Every structure is written in structure tokens, then in C-alpha cells.
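Engineer: Sequence:
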Amino acid sequence: MMIHDDNMDETKVRQLIEKKECVLIINSKDLSKAWNEIRLIAHKSTPTIPFIGWVACFYCSRPFRSHSAADVNGKRRNYGLTSALKHLDQCSSRKKEMAAKRKRQLNDENENDNNPNQSQQSSSSPTVNKTLSKFLYNKSILPKTWQNRIKEAECKYVVAGMHSFRSVEHDGLLQLAQTCVDIGATFGRVNVENIWYGRQSIRNECELKFHQYREDIKSIIQPYINDRTVSATVDLWRDDIIQRYYLDFTIFYMTEHWQLKHSILRCKYFDEQSKSAINIWSEIESIFDEFHLVIGDTPITTDEGANIKASLKNEIRCPCMAHRCSTTLECAWDKTNQLSFDFRCLTGSVSELRSFVARSGGLQAKLPKTVKKDSCTRPWRSYYIVYESVYSSYDSLIKLLEPMFEENKILSINQNLLKNIVDLMKRFSGIFDQLEFCNQPTLQNVVPSYYAMVDFVRLNSHDRPEIKILKEQIQIALESKYWTSIMQIHWIATFLDPSFRDLSFVNDKSYRLKQIKCIENGLYSMADDLKLEDVRKDNNTSESSKNERISGFDDHDI
Numbered sequence: 000m001m002i003h004d005d006n007m008d009e010t011k012v013r014q015l016i017e018k019k020e021c022v023l024i025i026n027s028k029d030l031s032k033a034w035n036e037i038r039l040i041a042h043k044s045t046p047t048i049p050f051i052g053w054v055a056c057f058y059c060s061r062p063f064r065s066h067s068a069a070d071v072n073g074k075r076r077n078y079g080l081t082s083a084l085k086h087l088d089q090c091s092s093r094k095k096e097m098a099a100k101r102k103r104q105l106n107d108e109n110e111n112d113n114n115p116n117q118s119q120q121s122s123s124s125p126t127v128n129k130t131l132s133k134f135l136y137n138k139s140i141l142p143k144t145w146q147n148r149i150k151e152a153e154c155k156y157v158v159a160g161m162h163s164f165r166s167v168e169h170d171g172l173l174q175l176a177q178t179c180v181d182i183g184a185t186f187g188r189v190n191v192e193n194i195w196y197g198r199q200s201i202r203n204e205c206e207l208k209f210h211q212y213r214e215d216i217k218s219i220i221q222p223y224i225n226d227r228t229v230s231a232t233v234d235l236w237r238d239d240i241i242q243r244y245y246l247d248f249t250i251f252y253m254t255e256h257w258q259l260k261h262s263i264l265r266c267k268y269f270d271e272q273s274k275s276a277i278n279i280w281s282e283i284e285s286i287f288d289e290f291h292l293v294i295g296d297t298p299i300t301t302d303e304g305a306n307i308k309a310s311l312k313n314e315i316r317c318p319c320m321a322h323r324c325s326t327t328l329e330c331a332w333d334k335t336n337q338l339s340f341d342f343r344c345l346t347g348s349v350s351e352l353r354s355f356v357a358r359s360g361g362l363q364a365k366l367p368k369t370v371k372k373d374s375c376t377r378p379w380r381s382y383y384i385v386y387e388s389v390y391s392s393y394d395s396l397i398k399l400l401e402p403m404f405e406e407n408k409i410l411s412i413n414q415n416l417l418k419n420i421v422d423l424m425k426r427f428s429g430i431f432d433q434l435e436f437c438n439q440p441t442l443q444n445v446v447p448s449y450y451a452m453v454d455f456v457r458l459n460s461h462d463r464p465e466i467k468i469l470k471e472q473i474q475i476a477l478e479s480k481y482w483t484s485i486m487q488i489h490w491i492a493t494f495l496d497p498s499f500r501d502l503s504f505v506n507d508k509s510y511r512l513k514q515i516k517c518i519e520n521g522l523y524s525m526a527d528d529l530k531l532e533d534v535r536k537d538n539n540t541s542e543s544s545k546n547e548r549i550s551g552f553d554d555h556d557i
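Numbering of the sequence shown is given in numbering that gives the first Met the number 0, commencing with residue 0 and proceeding in unit increments.
Worth flagging that the hints you see were computed from the coordinates, not collected in a lab.
It is possible that some hints are incorrect.
[Said to hold, decoys possible] Derived SDA-like pairs (lysine to any residue); straight-line CA-CA distance at most 20 angstroms:
#1 334 with 322
#2 155 with 184
#3 334 with 417
#4 408 with 470
#5 308 with 235
#6 480 with 468
#7 480 with 260
#8 470 with 346
#9 260 with 439
[Said to hold, decoys possible] Listed next, with one range per pair, are the computed distances between beta-carbon atoms:
#10 363 with 149: 50 to 60 angstroms
#11 175 with 315: 17 to 27 angstroms
#12 365 with 27: 44 to 54 angstroms
#13 240 with 25: 50 to 60 angstroms
#14 204 with 359: 41 to 51 angstroms
#15 212 with 256: 14 to 24 angstroms
#16 407 with 488: 20 to 30 angstroms
#17 204 with 437: 41 to 51 angstroms
#18 45 with 195: 43 to 53 angstroms
#19 48 with 14: 16 to 26 angstroms
For clarity, every value in this text was computed on a predicted model and none was experimentally measured.
We treat Cβ as the ideally placed atom computed from N, Cα and C, and that holds for glycine.
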């Protein structure tokens, strides 16, 4: 039962509030804007039961009548919140609070401008004006009309702008919407056209950010360039959708805390005619000049593309062993297709099935696992991803294709052979994981990966004939494609990894001891190179060395 006292006046209620015998509470039954700065009054012993007919200012706690005292019939006249709202316009406590809050916001904005890192962190939890309750709504309690308005606005964005449905879930769009909400919470209702920037302004801002980022990268990587702890990767790749070639140049460097970092320095478009070796080298050389990289002393990892290899013929080039592993499987797969009729029939049937499922749009949604038309990531994973997706949906495809009289497309695939292929190729997926890391070194994984793959393809008397042929061809390709690309630096990196130091994966003891000896010699050579480099730096920077060069020039060349 609500507590009320019709005999109380404004003075009595205010005294109770000042003595802390009464408390101010939020009107949880009415979330309209009028109640943002007005509170109900309740006795501290019963804080959930407000007085009838009394409200107070949130800032100065001055009480006001919202209803009259009850008449003889128990009825009350509703005064509303008119008196309280008029008071808010003149409330000195409210004005001081608003001024202080605005000052804090300006200080926060200045601090964010001076500290961009802190600004990025605070952007994830923006300051919101809690006195404006409409900005505190949770989506689950939004009125139905506002939920429909948001949906309608998102539909217009997708349809009128020809955007994908997934675009409405993009983090950038969500952050943009949150920024607009924060602006409204801080400055009140504004016209979006008054705060929105056009295409030219955003283009200029992107260009400015790009130049700032480039200069930041230069300053970050320069110490590592001076310390000779940088390497790079170059990749010429093709976008199959828009039929264009791009050259990516990424730099890797090791921090003083032994953390591997990387940053892409350029992504350059090449048309079909311009991707020659000389043009590729010209682009790479410009990157070296712009970022002050040392030509001839920056190791570069690439694939085995002819133009890439030719462009870097005078540089320190290391083969990408993930690509070499891919080439190994690709060569073995193609050769097995030539040698085994059953294997060729299976791969052809799988290809035909994948195309059929892709054309029949309604089938994919009914399958336990989507039948992949390609690997969706790297092409070298397709041997496992594509065939595993077919195997997982094999039984379901039979049931779905029978009513369509197309069950022959799945029944023509030998399920047992398909499972054997999936089991074998699944093991290579882990090898690619070990060779593709970009945030930690992979040199030490190259040699152990070779021995692991050799173990994968050991012949078993219980293997099917097709699997035996595939294993034999992988063995041959491993020797001709992968093993021949392993360099001494790979062995040294393996030895420096504590988990591989004893080379226990090498079964031949004499060969293992031979490799350890070669590794030790390689480490001595690397140490000598570092000593010579230190001597060269000392000599080049010393005044005596400079005098000797000058005097030597005078004595012999004049």
C-alpha cells in the first residue's frame, strides 16, 4: 500500500529529504522524457513505495505537488509535472551540473585528441548522457514502432544502396551508428545532414590517414632495418572475380621482446601485360627506396613464379615452403589421376556433383555440411576441404537426389575410397597450419614437416590400390619439389628450436650426426658474419678509418 499524507506541505517534505528520512527514486513505470530529471519521493524504510502526489527535482531535491489532496470521495486533481518542469528551467543546481558535465566532456575530447590510443579504447565504451533515457534503451525493450523503423532503415540501406545483407553487420557500420547515437546523447537531437561528411571529405581523410600510417610504419621499422632483423614476402596473386593481378609486399620484423610483427607496405595492381620481371623489380626497388630497406641484404620469401624469381635473381630469396607443399600435392594428385582409372572416376564424379549442387540452390540448406565448390581459403586445402564436405553429406545427398532422379551423381562416388582420401589429406592440413603462421616464425617447422609428410605416406599392405598410387606419387613429389627447396637456414632454425634440437625425427643416426655438424659450422659462419659486420660498422664510423680512406685515395689515385 502506498504511503501518503495529505496534511504534509512542501516545507515538511523538504525537511524530510534534507534529514535523509526520505529518498528520491526513479519512476520505473514511466520512461518518458519528462521523467529524466524528475524523481518520485519515498520514505527510506519503504523505498519501493512512493508518496502519492509528490515529486522532486533531481538536482536540488525541491518537492512539488503532482496531485492534490484527496477529497471526501477519495479523488485527487492531477496537477501534472508543469510546476516541476518550469522549475528545471531556472534550477541553479541543474545549471551548475550541466556546465560541469560539459566541461568534463570537453576535457575528455582534448585528452582523446592528445592520446589517440586511449581514444580508441574509449570508443568501445563511449560516454553517454544518462539523463536522456531514450539513449539508454536496450534493443529488447525498444517499442515495436522503433524496432520497425530501424529494420526499415536497414532495408533501405541494403536495397537502395545495393549492399549485401552482411553489410548491416559490419563493425565499421555499427561503429558509425554508435557514434551518431553518442552525438545525440551529448548534443541532443540534430539533423544528420548537418554532421555528415561527403565523399570528397572522406576521401581526403582516408588519404591523410594513409600518409600518417605510412610515416608511422617508417619510424617503427627503421630501427629493425638498422639491426638487420627484417625480412619480406612478395606475392603476385590474381583476383579471380575481377580478373586482376596484384603484387603484395609485406615486411616482417622481430622486436626486442622476440615477437614477430608484420605489416603490408604495398598492394600494387598489375595488368596482364605489365607483370614482367623488370616491372616487378622496378616496383620492389621503389618500395626499398621509400622505406629505406637495404637492397641485397633483406631476405625475401616468394613462391616459384617465373617472373617473381627472375625479378629477384640478384637478391636473397627463400622459397615459400607452404607453396612447395602445395605443389607437391598438386603434382602427386595430377599424376595419380593419370595412372589410376578409379581415382580419375572419383575425382570427376566429385567435380560434377559439386557443380550440380552449386546450380541447385535449394540443396545446400538441407545438407548437414555445405558441399564446397572450392576451398574458400587457399587452393592447396581443397584436397581435404572439398572432399570432406562431400563425404559428410554423402547419405543426405542420396535421400535428396532420389526424388530428383539424380542419385547416380552421388552413387557413382565410391564412398570407401572417398573416406580413405579424406583421412589421408586431413593430415596435410595440419602441415599447412604449421607453415602459414604470420605472427610467429615458421623456418623451424620446414624440416620436421618434411619428415612428418614422409611418415604420412608410408605404404601399408592394407591400403587400397588407388591410395597406394597416391602415396607413391606424393613420395616422389616430396623428393623432387619439397626436399630440393630445403636450405641450410631451415636446418639451423630447426636446431635452434629446443623441441627439435636433437633432430630425433631423423631416423638415420649417421645422417643426423652429419647434419648436426653442418648446422654447427653454419652457426659459426653466421657468428663470424656478425663479428665482421660489427667491425665494418666501427671502421666506417671511426675518424681514423675516414682519414685512411682519404689518404689512400690521394696516394694511389691522384
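Engineer: Indicate, hint by hint, whether the structure satisfies it.
Structural biologist: Structure-based check of each hint:
1. 334 with 322: With Cα atoms ~18 angstroms apart, residue 334 and residue 322 stay inside 20 angstroms; holds.
2. 155 with 184: 25 angstroms, violated
3. 334 with 417: Roughly 18 angstroms separates the two Cα atoms, so the pair holds.
4. 408 with 470: 27 angstroms, violated
5. 308 with 235: Roughly 11 angstroms separates the two Cα atoms, so the pair holds.
6. 480 with 468: 18 angstroms, holds
7. 480 with 260: 29 angstroms, violated
8. 470 with 346: Judged against 20 angstroms, a Cα distance of about 16 angstroms means the pair holds.
9. 260 with 439: 8 angstroms, holds
10. 363 with 149: 50 to 60 angstroms: 30 angstroms, violated
11. 175 with 315: 17 to 27 angstroms: The hinted range 17 to 27 angstroms is violated for residue 175 and residue 315, with Cβ atoms some 45 angstroms apart.
12. 365 with 27: 44 to 54 angstroms: 48 angstroms, holds
13. 240 with 25: 50 to 60 angstroms: 55 angstroms, holds
14. 204 with 359: 41 to 51 angstroms: Holds, since residue 204 and residue 359 (Cβ atoms, about 46 angstroms apart) stay within the stated range.
15. 212 with 256: 14 to 24 angstroms: 23 angstroms, holds
16. 407 with 488: 20 to 30 angstroms: 53 angstroms, violated
17. 204 with 437: 41 to 51 angstroms: Distance hint for residue 204, residue 437 is violated at roughly 29 angstroms.
18. 45 with 195: 43 to 53 angstroms: For residue 195 against residue 45, whose Cβ atoms are near 50 angstroms apart, the range 43 to 53 angstroms holds.
19. 48 with 14: 16 to 26 angstroms: With Cβ atoms ~20 angstroms apart, the hint holds.
Hint check: violations occur at hints 2, 4, 7, 10, 11, 16 and 17; the rest are consistent with the structure.
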